[in-house]
Structures are given as C-alpha cells and as structure tokens.
Amino acid sequence: MIWKLILIRHGMTAGNREKRYIGMTDEKLCPIGREALNQEKKRSLYPAADLLFSSPLVRCLETAAILYPGQEPLIIEAFRECSFGQFEGKNYKELSDNPLYQAWIDSGGALPFPGGESMESFRERCARGLGQLLARFEEEEKPQTAACIVHGGTIMALLSRFGTEGKDYYDYQCGNGQGYCCLVEKNGKGEIRLSWIQPLQYSQDLY
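Per the numbering used here, the sequence shown runs over residues 174 to 380.
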C-alpha cells in the first residue's frame with residue numbers, strides 16, 4: 174500500500190531566530206513564528222490530513238495546533254530533534270573559537286556532537302519513529318494522508334535515509350514552517366521507501 178506523508182518543520186522560535194542550535198531544549202514558538210504560520214496557512218500552503226503526528230516538543234505541538242486546529246496529534250517520541258550536546262543553545266559566533274566545533278565543521282557534520290548524538294544514532298532513532306508511524310497507517314483500511322510536525326533534523330534524517338533520490342542529509346534543509354510532501358511505500362520485505370519528494374509549496378502536484 175502507498176500512503177501520502179506531509180513533513181512540516183515547526184514554526185520559528187527565539188533560538189531559531191538567533192540561529193542557535195536548538196535540539197532538546199523545549200522552546201515555544203516566538204510571536205514572529207506564530208504570525209508566519211498563520212499567514213502561510215491563509216495561503217493554503219498546508220494540505221489537509223487524515224492523521225496528525227508530532228514530536229513531543231512544545232514548538233511542534235504549538236505548530237500542530239495552529240496548522241491543524243481540532244485534530245489531536247499522535248505523539249512520536251523518536252521524532253525529537255537531534256541532541257546537540259555541548260553546542261546546544263549556542264550559535265556560530267559563540268562557537269567560532271571552539272576547537273571541537275571547528276572539527277565538527279571540518280567533518281561536514283559527520284562527527285558526533287560532543288556530549289550529544291551521532292548522525293548514525295539520530296537517523297536510526299528517526300527510522301524507528303517512522304516505523305511507529307507506519308504501524309498506525311497500517312491500522313487503516315484505506316490509504317491515508319498524514320501530516321507530521323517535526324524538526325528540521327528529523328526531516329533531513331528521514332528523507333536522506335529512505336528517500337529514493339539519493340541525496341545527502343543537508344540537501345533536505347528547510348526553513349521554519351516549510352517542509353516536503355512525499356509518497357510512502359512499504360514492500361513485502363518490510364523495506365520503506367519515500368518517493369516523489371516535493372517541497373511543500375509544490376505539494377498540490379501530489380493531490
């Protein structure tokens with residue numbers, strides 16, 4: 174069976190606005206972030222969804238309430254943002270003299286975050302979350318469309334791990350309130366594929 178999945182990054186927080194590494198920190202949306210989501214909603218940027226999923230962090234729950242009012246999100250703990258360890262809450266300027274940060278930059282983001290998660294463990298965690306989402310999908314008698322309010326890292330992890338385009342993790346960066354629509358397929362071997370990946374502003378091509 175093939176399902177439709179809408180991956181949406183949460184709205185802007187104060188830390189996002191200051192370009193800080195906000196991972197496990199449970200920030201709320203800032204006023205500018207709320208207003209931007211409401212404006213995009215008026216433009217009908219966000220397709221309707223039969224099912225709604227969310228990271229447990231408050232910035233995602235607030236985003237879900239704005240974009241899909243009246244729909245109770247199903248929480249997937251594994252969809253939390255990556256743990257940035259010693260970089261958490263800091264921005265490039267504050268980290269520019271940190272040798273650990275420079276080493277991480279030089280690695281192209283491949284090194285684990287000091288005191289935080291490695292890329293491999295983060296992607297595995299997000300993969301488990303997708304498995305939980307699909308288990309809920311499979312309870313339905315007909316194909317469904319699901320919206321998933323998560324984090325930028327979560328979106329990049331899922332699309333780079335399961336996408337059929339062969340792109341890298343950072344190729345799927347997106348802004349606050351932005352995201353992608355795709356088709357989800359699980360074959361007889363249990364293998365998951367995400368195909369027909371489209372930026373959210375072009376999502377109507379899928380519907």
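Be careful, since some hints might not be right.
[As the list claims (entries may be wrong)] Distance windows between CB atoms, simulated:
hint, residue 1, residue 2, range
1, Q374, K315, 25 to 33 angstroms
2, N271, E313, 44 to 52 angstroms
3, Q374, S291, 43 to 51 angstroms
4, G243, S294, 18 to 26 angstroms
5, K340, Q275, 24 to 32 angstroms
6, Q275, G339, 26 to 34 angstroms
7, E311, E245, 34 to 42 angstroms
8, A221, P272, 33 to 41 angstroms
9, K214, K192, 38 to 46 angstroms
10, Q374, D223, 17 to 25 angstroms
11, G363, Y343, 22 to 30 angstroms
Since the hints were derived computationally from the structure, they do not count as laboratory data.
These numbers come from a predicted model, not from an experiment.
For glycine and all other residues, C-beta sits at the position ideal for the given N, C-alpha and C.
For each hint, the structure was consulted:
no.	hint	in the structure
1	Q374 with K315: 25 to 33 angstroms	28 angstroms, holds
2	N271 with E313: 44 to 52 angstroms	48 angstroms, holds
3	Q374 with S291: 43 to 51 angstroms	32 angstroms, violated
4	G243 with S294: 18 to 26 angstroms	36 angstroms, violated
5	K340 with Q275: 24 to 32 angstroms	26 angstroms, holds
6	Q275 with G339: 26 to 34 angstroms	29 angstroms, holds
7	E311 with E245: 34 to 42 angstroms	20 angstroms, violated
8	A221 with P272: 33 to 41 angstroms	49 angstroms, violated
9	K214 with K192: 38 to 46 angstroms	25 angstroms, violated
10	Q374 with D223: 17 to 25 angstroms	22 angstroms, holds
11	G363 with Y343: 22 to 30 angstroms	28 angstroms, holds
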